[in-house]
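Chains as they are written, first to last, in the working numbering: chain A, 632 to 1003; chain B, 53 to 377; chain C, 7 to 525.
Hints in this document: simulated from the structure, not taken from any laboratory.
Distance ranges between label pairs, derived from CB positions:
# : chain 1 : residue 1 : chain 2 : residue 2 : range
1 : B       : Gln175    : C       : Gly146    : 52 to 62 Å
2 : C       : Ala403    : A       : Asp899    : 47 to 57 Å
3 : B       : Pro334    : A       : Gln791    : 24 to 34 Å
4 : A       : Leu636    : C       : Gly22     : 22 to 32 Å
5 : A       : Ala974    : B       : Gly184    : 53 to 63 Å
Glycine included, every Cβ here is placed at the ideal spot set by N, Cα and C.
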Amino acid sequence: MLVPLLSVATAFLAGGLVLGAIGVDPWNALRELVGGSLGSGEGLGFTLYYATDFIFTGLAVSLAFQGGLFNIGADGQAYIGGLGCALVCLHGGALPPWLVIPAGIAAAAAFGAAWATVPAVLQARRGSHIVITTIMFNFLASTLMAYVLVNLLRPTGDMQAESAAFPPAAIVPSLQSVLAAVGIAAPTTPLNLSFVLALACALAVWVFVWRTRTGYEIRTVGQNPQAAVYGGISPARVTVLAMALSGALAGGVAVNEIMGVQGRLLLDFTSGYGFVGIAVALMGRGHPLGVVLASFLFGMLYQGGAELAFDEPKVTRDMIVVVQGLVVFFAGALEGLFRRGLARLFDAGLRPRDTGETSLPPRVAEPGGEIP
Amino acid sequence: MADAVAAAALILASSLRLSVPLIFACLAGLWSERAGIFDIGLEGKMLAAAFAAAAAADASGSAAVGLAAGIAASLAFALAHGFASIDARGNQIVSGAAVNMLAAGLTAAVGNAWYGQGGRTPQLTAPASRFGDIAWPGAEAVRAVPVLGPLYRDLVSGHDVLTYLALAAVPLTAFVLYRTRFGLRLRATGENPAAVDTAGVSVRGIRYAAVLIAGVLCGFAGTYLSVGQAAGFLTGMTAGKGFIALAALVFAKWRPWPALATCFLFGFLDAAAIRLQGTVLPGIGEVPVQAIQALPYLLTVVLLAGFIGRAVPPRAGGIPYTKER
Amino acid sequence: MTAPALDLVGIAKSFGPVQANRDVDLSVAAGTIHGIVGENGAGKSTLMSIVYGFYEADAGEIRVKGRPVRIASSRDSIRHGIGMVHQHFMLVDTLSVLDNVMLGAEGGPLLRRGAAGIRARMAGLARDYGLAVDPDARVGDLGVGLQQRVEIVKALLRGADVLILDEPTAVLTPAEADGLFDMLRTLRRQGVTVVLITHKLREIMAVTDRVSVMRRGTIVETVDTAATTPARLADAMVGRRVALTVARSPARPGPPRLEARNVTAIDAHGVKLLDDVSFTLHAGEIAGLAGVAGNGQSELLEVLAGLRPLAGGEILIDGRPVAPADRAPRALGRLGLVHIPEDRHRMGLVTAFEAAESAILGIHREPRFGRGPFLSRRAVLGDMARKMADYDVRPAAPRLKTANFSGGNQQKIVLAREMEREPRIVLCGQPTRGVDIGAIEFIHRRLVALRDRGVAILVVSVELDEVLALGDLILVMCGGRITGRRRPPPGAADDPAIVSALGLMMAGVEDGTAGAAEP
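Bound conformation, chain A alone (with noise of 0.2 Å):
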C-alpha cells in the first residue's frame, strides 16, 4: 500500500507546486477542493458521478492488465459502446419498457467490447502491438462517431451533431429519483444508478480475477505466457477475452453519461476518460479496490477542480489533466524507483520479503506482444 500513496503524495505536491508557480495558494485550493467535492450533498453527487465513469474505464484498464496487456483503447472503446446504446435506446420501441435499459447497457457492453477485440485479434493471431493498435482504435472510433453523428443519427434540420433524445424509458433512473421513492430527499444531481452499476461491476470482476478459473488463467498469461502455454492455457484465447471484457466494461461509460445524464447520442462524450482510467488503474495498483478508491478521488479532482476554477479565474479545469499526467508519471513510469526505493529503506532491518504488494504484471512493460 506503501508505494502508491507515497508516489501519489509526490503527485500531488507536484500539483501544488504548479499552482503555486501560476499564483494560486496551494492550501487554499486545496480546501476549496475538498469543500467543493465532499462539502455538499450536490458537491458529493456530482464527485460520485464523475467516479462512475472512471470506475468503469479503469476497472477496462486494470482487468487488461491482468492479462499482460495495455489497453490505452478505453475511449474510443466507451465512444463506440455510446453507440450500441444509442442504437438500442432510439430503435428499441418494440421491446418492453422494462427491457429498454438492460438491452441498451447489454448493448453499450457489446459494441465496447466489439471495438476492443479487433486489436486483440491482430495481436494474438497477427502479432500487431496492442498498445499502437488500441491508439488508432481509439482514431478510428472519433472519425467513425464523427460520420455517424453528423451523416446518419443526427434528425433532419438540426445542426448540432447529436442524436434524437431517448424515450423516457431508456434513461436510466436518477438516484435522486430512487432516493426520493423511499422518502429521502437529495439534491439534483447526474448521479445515477449507473454508480451502482459500476461498484456491481467492480465487485463483479475482483470475483472474476481472483476467484474463478477464466481469471486465474488471465492472470497465469499476465505474468508468464510460457507457464500459461505449459499449463494447457492459450494465451491468444486468453488476449482475445480479456481484451472484449475490458471493452465491454469501457462501455460503462456510455451507460452512464448517454443513458444516464443526456439522453441522447452526442460528439466526444467521453471527455478523455479512457485516459483518466490509465491513471486509475495504476493509482489503484490493478485491483479492484484500489479503483474504487482511485475513482472517487479522480472523482473529487474533476468536482472540487470544476468549483475551484469557477472561485479562481487563474486556474481551470485543466490542472485536474496535469494531476493526471503527474499520478501516471509517479505511479505509472516511477513506480519501480518508489519500490526499490522503499525496498533499499526496509533493507536495513529486513530481508527482502513478500511485502504483500500487488505488483502489476511484467508484461505490461513488454512491447512486441510476443505471444507463443
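We have chain A; now place chains B and C onto it with these hints.
Same frame as chain A, now just chains B and C:
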C-alpha cells in the same frame, strides 16, 4: 489544363505544409525508437513546444527566440521521459501517456493563468515574431511558364524556413543513422543493447542522446504549428498529429526516407479532406471526409496486422536495459 | 618468467542474498589455455563477467600482466586487452558482420573511413588464423558456429590478447567444437592467452594446459591438466562424491506406454532439431536421456509434451498414435502424461503467484478445486498444505509467494503438483538442476517409487551421474539424434567402461545401438 496544374500545385503545397509537423515528429519518434525507447509522447512534446514557442515569440517579438523556447520545453519533457525510461527503468508507454497528459494540462492551465484567454496565447502580429515565407528568386517571374511555373512558385518556393529544415532533416537523419559511428551504435542499441554494452559503449548515453534528439525535433514540430503555420497557440492545437506521426513511423517501418513519403501521404490526405469538405461528387454524394481522415489510422492498422508487408519494431524497444540480473 | 596474463585476488560478488563468488584467487599464465570447470551455478560465468566489466566485484583485485587495474565497464577490460565470447552471443542479428565487428571500434565518427581498415584486418585474421567470415553477411542469417567466429573476430580486432570463452561448445556440434579447439591452439601459438569456461571435462582434457575447478563460488583447485584425470576433476567439482545412487530394485518393465517413431522437429528456419528419434518407454521403468546440453533433449521433451509441433514421425501412447488434436498439454494430461519442465521459472511456476496458485497450474480446471467456473480458496490452499506436508516443502506456507522459496522447494512444488495427478507417464526435465543435495535424494526416491508403482518415466539430465543413477534404460542424444542406448546393471555409475562408452555417444559416435528398438 493550366488550371488543373495550378490547382495541383496548390494542393501539393498545402500537403507539404500539413506534413511538416508530421515529418519532424515522425523523425523524432524514429530517433527515439531506433534506440529502443518507445515514444507515444510525441503529441505532448509538440504541444508543449507549440505553447512555449508562441509565448516566447509573443514576449520577445522574435520567432527565433520562440523556436529556442519551443525546443527547450520539448526537451524538458523528453528528459522526463528519458529519466523514467532509462534510469528509473519504468514503463515507456505509461511514461509517454503521462507526457501527453501533462503537456495537455499544463499548456492550457498555464496559458489561462498567464493570458486569461481560455488557454490561447495572444495573436502574433509583429512580422518578426513569426517565421515568414521565403520567396525563391524568380518565383513570380516564372509564374506564366506552363506546369513548371506554378509548381516552382507554389510548391518549391514560398515556405518558411522550418519547412525547408524539415526536408533537410530527412537526409541528415538518414546519413547520421546509416553512415556514422553514432548511428551504428544507436541502431544496435535498439536491437541488442547488451551487444553495445559489451562493446564498451554506454547504452545509457546513446539512449539519452536519442531521447534528446527526439525532444529537439518535437520542438521544431510544435514551433512550426504555433509560430509558422498559425499565429499563436490554441489549446490542443496538435489535434492528434503526434499520433499520426507515430502511425507514419510504423508505416515507414522506422526508416527515414519512407517516413518522409508516409508523412507527405498523410499530409496529402489531410489536405484532400479539407479541400473536399462539403463537395458533392456525382454518383457518390457528399464526400465522407471522415473516411479520408481515418485512412492514416486504418492503413497503419492494416500494415501492423501484416496484410501488406510486415512492420517489425526495433527488437529491444520498450525494454529497460539492465545488466544486473 | 613473464607476469601472468591475468591475476585475480580475493574476488567476491553477491546478488542480494546469493553469494555468487567468494575469495576467488586465480592466476592465468600468458600464452596458455586455462580451463575453468565447475557445475552449473558454481560461479564461473559471474567470475568472468566481472573480469569483463559486466558486473563489478564487491571486493578483490584484478591484475592484468602484473598491473592492478580497475574494471568498471567492458570498455575498461577491452582497453586492457581482454576479450570475451559470451555464452549468449552479443551480436545484433539485423546488422551485417562488418557492422557488428565495428561496433564500439569504428575508427572514427564516419563509418566509411573505418570500414576499409576493418575489412583488411578481417582478411588478415582469415589468413593467419583461419577465421574467415563474409563481412557483408547479415549476422541473423549465419549459423551459430559462424556467429561464434564473428564474436572471436570482434575480440581479436579490438586487440584482445586474453580471450575468455564462456561455455563456447554449448551450442556447437562436436565437429564444430573440434574446429574451435584447433582455432584456440592456433591462437595460443600466436601468443594469445585463452580462458575456457566449461562444465565438460572432455574439453578440458582435450585442449587446456592448466585447469581450475570452481565449486560453490570459489576456486578449490588449480592443476596442470597433464597431471590430473577426469575422475579427479569430477571429484573436485562436486566436493565429496555425492552418492547419486538411489536404492532401487531392478525394473520390472510392463507393456509399452510411450513410443516415439522416427520423430523429427525443425525450428523456424527449417533447421532440424530432432532427427529420426525413436524409442520405447515401458510401464514401470525409468529411461534416462543423457547428452550435452543443446543436443535436442529439450526439444524432444517439448515435442512429447505437446509444446512443439511434430515435423515428421509419430508418437504413440499405449500403442495408439496420439491424434494431432490431442497433442496439447491439457489433452495429454487426460491421457495420463505429465511433464515436469526443465526450467521451473520459465515454465513450471508463476513466480509472482502464491505457492498454492502455482501449484494448480494446468490442473486448475479440475472439479476438486471449486464448483463450476469458480475456484475455491479453501480447496486450493488445503491441497497445497497437504502436498507441502507430503513433499516436505519448506516453509510450509501455501500463501507465500512462489519466488520466495528456494530452488529445491520450488522444484518440490512442481513435483508435488505433477506427481499427484496420478500420472501413467512422466516426462521429467533436469529434475535436480539448482537443487540442494538433500532435495536431490528426496526427488530421486520419489521418482523411483513412482516407477515401482508402474509409471513410465523419462528423465532428461545433463548430469550423467543422475542419468546413471536413475535410468533402467539409458538413451544418449547428440545433434538431435539418438546416438546410442544401454541397459546397464544397477551400480554402473562407477563402471568406467560404461561411462566412457556413453561419453563417446554423447560426442556423437554412434555404436550401432542407435537405431535399434531395444538393446
